[in-house]
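As a plain string of letters, each chain reads:
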Amino acid sequence: MGHSKRTFSVVRSNSFRTASTRKETLDTYMETISSKDAVRIVDYGVRYILPFLPNGSAKMPIYYCIKYGIQFLQDSQKHGIEQATQNLTKTVVKEQIVPSAVDYMWDSIENNVVESGVNKALVNFSEQAFKETMNDIMVNGVDAI
Amino acid sequence: MIDEKKAQDNINKFMDKHGPKGFLILYFSKYLFKLLKFQLKSKFIDIEPENDPAYIFYTKNGKITKISDVDKYEDELYEACKQKAKIIVGELGKDSNFLPLFKGDFSKIRDPKLEKKFEASLHQIFQSFQEGKHED
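Chains as they are written, first to last, in this note's numbering: chain A, 1 to 145; chain B, 1 to 136.
Next up, chain A with everything else stripped away, as it sits in the complex (with noise of 0.2 Å):
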């Protein structure tokens, strides 16, 4: 038989279905990554990796983010950011709100998420991404983006 031998790990889809085609998309995966050409790697990313991501554990964690992140921005514009933490969380450490307000800003989407028995991996890129965007935004200001 001509099963291959490698076995590609990385990216989990329906288009490696059979060793054939798994050969052949390892095989272009291999030649876009060592291209270095970043906008031909980020084209290859968002067609076989992003529609492959599960509805529940990969996109429920992105509407939470994304949910709380835009009421605790627009609340704290006209409340200020402790009470727009206040209004995520119960719990609040007036002295430390600044560098903790993301932190409990988390904690409040993980309760959220993990109800719902999500993947914990898929879940960590949206952390990552939140507590950066939010860090950014409160460091950077206007020139965050």
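There's no promise every hint is true.
[To be verified] Only pairs whose alpha carbons sit at most 30 Å apart, straight line, appear in this in silico DSS-like list of lysine-lysine: (1) B:6 <-> A:36; (2) A:67 <-> B:6; (3) A:131 <-> B:13; (4) A:78 <-> B:116.
I should point out that these hints are in silico values taken from the structure, not numbers from a laboratory.
Use these hints to put chain B onto chain A, whose structure you have.
Below, chain B without anything else, positioned relative to chain A:
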């Protein structure tokens, strides 16, 4: 360490200029970047070391790249992710279901059905990349 007054000022300025849409673009840029970088550095099972993506990430023509070159490469990857993030946010913005998110209308954001609608819409947008839409 940044004080509360400065952080507040930065949030106000960010929201005045970029609004919720700016937050969404920034968040999706970082999400895509984290996801892709993880994939680019993930180890394959039973594969030659020189074909290991993590090895490829840090080398060029068999030589270890300088930190400044790695930083430049990461900046390029991030910029490419930002372009995709703008497409995702643009597509989400076309869906009237998510106007409350873009406008910060929290009475509607509390709608429990919105979560499922969001998942379905995001799935559709991600699928559209696979179908080759949004390509130059």
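Structure-based check of all given hints:
Between residue 6 of chain B and residue 36 of chain A the CA atoms are separated by roughly 39 Å; this puts the pair beyond 30 Å, and the hint is violated. A C-alpha spacing of about 24 Å is found between residue 67 of chain A and residue 6 of chain B, which places the hinted pair at or below 30 Å, so the restraint holds. Using a Cα cut-off of 30 Å, the hinted pair residue 131 of chain A and residue 13 of chain B holds, with the two alpha carbons roughly 19 Å apart. A distance of roughly 29 Å separates the Cα atoms of residue 78 of chain A and residue 116 of chain B; the hinted pair therefore holds under the 30 Å criterion.
Checked against the numbered hints above, the structure violates only hint 1.
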